[in-house]
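All residue numbers for the sequence shown refer to the working numbering, where the first residue is 1 and numbers rise by one.
In short, the hints are calculated from the structure, not lab data.
Since this is a predicted model, take the numbers as computed values, not measurements.
Do not take every clue at face value.
What the hints assert, rightly or not - The following label-pair restraints were derived from C-beta to C-beta distances: (1) Glu99 / Asp159: 29 to 37 Å; (2) Arg197 / Arg76: 47 to 55 Å; (3) Gly119 / Gln246: 53 to 61 Å.
No residue lacks a Cβ here, since even glycine has one placed at the ideal position from N, Cα and C.
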Amino acid sequence: MFNGKKILITGGTGSFGKACVKALLSGYSPERIIIFSRDELKQFEMAQDFSTADHPCLRYFIGDVRDKERLYRAFRGVDYIIHAAALKQVPAAEYNPTECIKTNVYGAQNIVNVAADVGVKHVVALSTDKAVSPVNLYGATKLCSDKLFIAANAFIASDTKFSVVRYGNVMGSRGSVIPFFIQKRDEGKVLPITDPRMTRFWITLEESVKMVLASFEFAGGGEVLIPKIPSMKITDLAEAIAPGCQTEIVGIRPGEKIHEVMITSEDSRHTVDIGNYYVIKPETFKYRGPDGAPVDDGFTYSSGENSDWLSVDDLRAVLRMQGFAI
Numbered sequence: 001m002f003n004g005k006k007i008l009i010t011g012g013t014g015s016f017g018k019a020c021v022k023a024l025l026s027g028y029s030p031e032r033i034i035i036f037s038r039d040e041l042k043q044f045e046m047a048q049d050f051s052t053a054d055h056p057c058l059r060y061f062i063g064d065v066r067d068k069e070r071l072y073r074a075f076r077g078v079d080y081i082i083h084a085a086a087l088k089q090v091p092a093a094e095y096n097p098t099e100c101i102k103t104n105v106y107g108a109q110n111i112v113n114v115a116a117d118v119g120v121k122h123v124v125a126l127s128t129d130k131a132v133s134p135v136n137l138y139g140a141t142k143l144c145s146d147k148l149f150i151a152a153n154a155f156i157a158s159d160t161k162f163s164v165v166r167y168g169n170v171m172g173s174r175g176s177v178i179p180f181f182i183q184k185r186d187e188g189k190v191l192p193i194t195d196p197r198m199t200r201f202w203i204t205l206e207e208s209v210k211m212v213l214a215s216f217e218f219a220g221g222g223e224v225l226i227p228k229i230p231s232m233k234i235t236d237l238a239e240a241i242a243p244g245c246q247t248e249i250v251g252i253r254p255g256e257k258i259h260e261v262m263i264t265s266e267d268s269r270h271t272v273d274i275g276n277y278y279v280i281k282p283e284t285f286k287y288r289g290p291d292g293a294p295v296d297d298g299f300t301y302s303s304g305e306n307s308d309w310l311s312v313d314d315l316r317a318v319l320r321m322q323g324f325a326i
């Protein structure tokens with residue numbers, strides 16, 4: 001569906017953006033891929049791997065989602081938008097709350113309004129497990145962002161569809177614990193464990209890209225899509241990376257959870273199972289997307305209560321496939 005189309009990726013120089021561009025170039029023949037981000041150095045560095053000479057459909061567009069006028073210029077004629085731009089570092093968001101709000105909330109509002117004004121067909125926004133029952137500012141801003149994109153399907157007078165895709169930690173992405181653990185192992189140092197009970201959802205970068213691109217084909221607009229992905233224990237991850245290593249319990253950091261939740265019991269009343277995904281349907285307007293089997297009342301989707309787990313051997317195999325020195 002992306003052949004001959006114009007696709008724009010906000011935050012396009014990040015881990016997801018790079019992997020998404022690679023997937024689009026290898027699997028489709030788009031007319032244009034616009035990489036929209038505010039960091040000229042990251043754009044320069046990305047252009048070394050994805051040059052416009054080798055890929056004439058690429059455009060590098062410097063801009064900030066806070067700048068509505070710039071968005072009008074960038075979005076004109078675009079068919080599909082993937083919104084990956086965000087301020088994501090939890091400690092930085094706690095210390096700089098207004099900056100996080102400007103990008104994650106006001107930026108989302110700008111994207112909604114401009115995309116509708118210029119006739120973009122479909123916008124898919126990336127969410128996070130931290131938006132569910134948020135305990136830190138980053139999660140709270142992403143919850144606001146999710147609500148803005150969902151509600152836009154009801155109050156925007158245009159044919160533009162807005163959907164949200166929510167998933168857990170991406171293996172090896174910027175800020176991931178994996179490179180940190182590998183560094184500590186290589187330095188012969190103790191691996192810090194925040195809490196031995198801690199669990200996390202995990203998805204590879206390639207899987208997250210595949211899921212987001214697929215959502216454009218079946219999402220009806222107004223839903224939150226959640227993939228069924230495995231969980232892992234933080235202690236198993238440490239063992240997979242550094243077998244028999246010494247660990248130290250350092251305590252949970254501010255704004256951190258023991259287990260991640262992507263669907264709450266309150267959401268279960270309007271959540272359906274469509275096979276590889278759960279869909280949280282909108283409550284305030286008629287939903288026109290894929291239907292499925294309703295989940296049980298009170299159902300929660302938590303990394304601590306998942307039916308699919310990665311063992312130490314599973315983690316080691318996946319990490320090797322991802323190119324980590326394990």
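A quick look at each hint next to the structure:
no., hint, result
1, Glu99 / Asp159: 29 to 37 Å, "holds (34 Å)"
2, Arg197 / Arg76: 47 to 55 Å, "holds (50 Å)"
3, Gly119 / Gln246: 53 to 61 Å, "holds (58 Å)"
This entry satisfies every hint, going by the numbered hints stated previously.
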